[in-house]
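Engineer: Kindly produce the complete structure, drawing on both the sequences and the hints.
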Amino acid sequence: MRLERQTGQDCPGSCRPCEGPGSQTIHCDKRCCGLSKDQNEGKSARDWWSTVLGEKEEFDQGCLCLADIDNTGNGQDKIIVGSFMGYLRIFNPHPVKTGDGTQAEDLLLEVHLRDPILQVEVGKFVSGTEMLHLAVLHSRKLCVYSISGTLGNVEHGNQYQIKLMYEHNLQRTACNMTYGSFGGVKGRDLICIQSMDGMLMVFEQESYAFGRFLPGSLLPGPLAYSSRTDSFITVSSCRQVESYKYQVLAFATDADKRQETEQQKLGSGKRLVVDWTLNIGEQALDICIVSFNQSASSVFVLGERNFFCLKDNGQIRFMKKLDCSPSCFLPYCSVSEGTTNTLIGNHNNMLHIYQDVTLKWATQLPHIPVAVRVGCLHDLKGVIVTLSDDGHLQCSYLGTDPSLFQAPKVESRELHYDELDTELKELQKIIKDVNKSQGIWPMTEREDDLKVSAMVSPNFDSVSQATDVEVGTDLVPSVTVKVTLQNRLALQKAKLSVYVQPPLVLTCDQFTFEFMAPEMSRTVSFSVYLKGSYTPPQLEGNAVVSYSRPSDRNPDGIPRVIQCKFRLPLKLICLPGQPSKTASHKLTIDTNKSPVSLLSLFPGFANQSEDDQVNVMGFHFLGGSRVTLLASKTSQRYRIQSEQFEDLWLITNELIIRLQEYFEKQGIKDFACSFSGSMPLQEYFELIDHHFEVCTIVTHITCNFSIYERERDATEERILVYLAIKSSASSSYFMWMVDFVYLFLPSCPVCGHLQTLTEWLPGAKHVVWLQNRADLILQHGDLTFDPSNPVLKPFELISSHLAN
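Counting from 1, position 168 in the sequence shown corresponds to residue 168 in full-length UniProt numbering; the numbering is continuous, with no gaps.
There are no misleading hints in this set.
Derived DSSO-like pairs (lysine-lysine); straight-line CA-CA distance at most 27 Å:
1) LYS482 - LYS571
2) LYS571 - LYS531
3) LYS531 - LYS565
4) LYS581 - LYS593
5) LYS565 - LYS665
6) LYS565 - LYS495
7) LYS163 - LYS124
8) LYS633 - LYS669
9) LYS124 - LYS186
10) LYS163 - LYS141
11) LYS565 - LYS451
12) LYS321 - LYS311
13) LYS141 - LYS124
14) LYS565 - LYS669
15) LYS381 - LYS124
16) LYS493 - LYS451
17) LYS482 - LYS565
18) LYS124 - LYS245
19) LYS633 - LYS586
20) LYS665 - LYS633
21) LYS163 - LYS186
22) LYS665 - LYS593
23) LYS186 - LYS311
24) LYS581 - LYS633
25) LYS495 - LYS531
26) LYS186 - LYS245
27) LYS495 - LYS451
Simulated from the structure, these hints should not be mistaken for laboratory data.
All figures in this text were calculated on a predicted structure; none of them were measured in a lab.
Structural biologist: Right, dumping it as structure tokens:
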């Protein structure tokens with residue numbers, strides 16, 4: 001590709017000479033990105049030096065910095081990298097030839113600081129000197145180091161040392177930091193740290209200055225300092241750019257008096273007031289301040305889909321909509337007067353270079369950059385340094401190779417449209433056959449690949465599989481379910497997952513088949529039983545199979561999912577009981593058909609009478625509650641009654657399902673049932689309030705329980721100390737500590753109360769779920785309702801929340 005440079009314009013980065021027939025030799029080592037008539041889109045960045053840092057380490061945008069950290073004064077930058085694993089590395093690459101990997105002497109310093117490194121910056125952070133020092137931000141600590149080098153007299157090379165100058169322990173978890181000459185100080189840099197809860201903490205080198213909470217802060221955003229306006233600029237969770245003057249921050253009320261300040265409706269000159277705001281409508285990834293001269297500067301904000309250039313008063317200078325999702329950016333002044341160049345990396349492994357809003361250069365990177373910097377390395381100016389989140393560090397420059405290929409002239413020929421139409425149809429047929437055979441989009445039904453069926457045993461297990469049950473019954477029955485998988489094609493990585501509603505439990509809920517040959521059948525069996533003492537919401541189970549079907553184009557397989565549902569018998573959780581004539585809650589169901597004998601609907605729950613007509617039946621749940629079902633002899637009605645309203649749901653649901661199945665077998669398709677009574681919303685709301693109160697109490701007790709845990713840990717440490725001393729003088733105190741840790745704390749009232757409420761909470765949640773289902777089915781009136789009815793949406797939302 002031919003690269004031309006116009007007079008007075010600069011080429012992107014450091015371009016190496018490209019020589020060839022018809023090409024113009026170019027060499028530019030200015031720290032700039034510039035113009036070219038032919039944009040180098042699709043060309044890879046020239047690898048000057050690269051390395052991979054550590055193993056399984058993670059990095060982010062604040063982990064990369066370039067500076068003359070050892071204060072040599074020759075203008076040569078060093079690469080400083082910190083990782084979330086706590087490793088700090090300093091590189092000075094000098095490859096013998098372009099593209100060389102890292103050498104041993106390239107790594108000047110590597111030290112493990114133990115704590116994760118969130119950000120590294122270089123500035124004048126030590127009082128009494130204007131030498132550059134390194135600031136390292138940890139989650140709970142700020143450390144400032146001095147990096148010095150000693151010339152080596154042997155072949156091992158120079159020696160570099162790191163020395164801790166001072167550190168600040170942070171009371172709040174840090175997010176990011178910025179630095180600068182706050183308040184117009186000369187010859188030194190101050191540091192501002194933003195915490196995760198939106199507090200700005202200012203440090204005047206070795207001393208802590210003040211802390212201020214940003215008003216309305218929910219989540220921390222990127223932070224930058226503008227020296228021209230002496231302001232801190234950030235992007236709040238409201239998706240707006242906000243600017244705060246340093247003087248306003250300094251004279252505002254201290255962060256320790258935040259609650260008192262919030263209670264004051266009117267400020268007295270000490271409230272923290274924003275200087276200006278601008279709504280950008282999206283979250284920001286980074287902020288950078290670029291100063292053209294002493295009279296003008298720009299605020300660059302990188303959003304999720306756009307990047308903005310603002311004036312220092314908050315007005316938009318320009319904005320650019322990006323085609324790809326960005327990952328990092330770096331703006332800086334161009335050689336052209338009044339313009340700014342911006343490097344923007346994206347998640348397509350591309351690095352784009354813009355001059356204002358015009359794309360001037362695009363190049364391919366071997367990784368997704370999360371941080372990008374430009375510096376002077378080994379007398380080569382304008383080197384682009386990129387860092388990925390998994391530790392790929394690369395120094396590259398931009399350039400092009402001349403293309404020697406010349407496209408031949410196209411011979412004109414007469415077009416035969418009939419032949420072209422025939423050829424097009426043949427190609428379309430080939431594409432269709434390839435897609436069908438290689439499985440780009442499956443052309444066959446999923447059931448053809450795999451069929452799943454479930455069969456519930458009609459009888460209970462001869463030996464119950466129930467263990468650790470909480471039901472008061474002597475023997476809890478269990479039933480066996482068999483799931484059969486029949487596949488037509490070869491499948492791999494098939495995984496069967498079975499789910500039932502608690503408190504029903506399975507003896508085994510996961511089955512894995514690494515490979516299934518064609519025309520193969522697999523059958524697995526498991527048992528289901530009731531473990532808890534409360535009623536399950538429903539008796540329906542679900543068997544889901546996830547598998548992969550390999551194809552020619554995708555040997556790993558195309559992921560697919562198929563499911564099969566099964567119903568458990570009512571007798572698994574319920575026994576025949578004595579009918580009750582009185583009850584607190586009653587529910588009447590109207591039908592359009594003659595009443596059916598309850599013996600036909602619920603065989604096994606009553607003894608067959610002489611006239612073969614049973615109009616009353618009792619149900620006794622294993623959890624202890626009782627429900628009575630009555631069928632009217634004269635009208636087309638059924639009544640369900642119980643002492644607790646939530647117990648009505650399961651029998652009501654079973655009655656509706658069995659009535660529908662009964663009339664379907666008779667060939668009757670117009671059967672319908674309905675409810676015309678009033679909704680018991682008051683009881684429903686009381687259960688929700690009670691459930692919420694219990695959740696609140698459990699949360700409160702759990703928070704207070706941390707006090708007992710700290711007491712236990714402190715006492716155990718003292719026990720270990722006394723065991724090491726082995727002194728008999730304090731044996732009585734030693735025994736008291738043992739009793740305190742292992743007898744008093746486990747038996748304290750808070751522990752017992754927490755355990756009781758925790759055990760009760762799942763049952764309370766299902767009580768609300770049961771009544772919600774009852775209200776859901778009664779709200780519609782017609783009990784054969786459509787679940788997509790918008791009237792029922794609030795009840796469905798509550799059901800989905802409780803089910804999770």
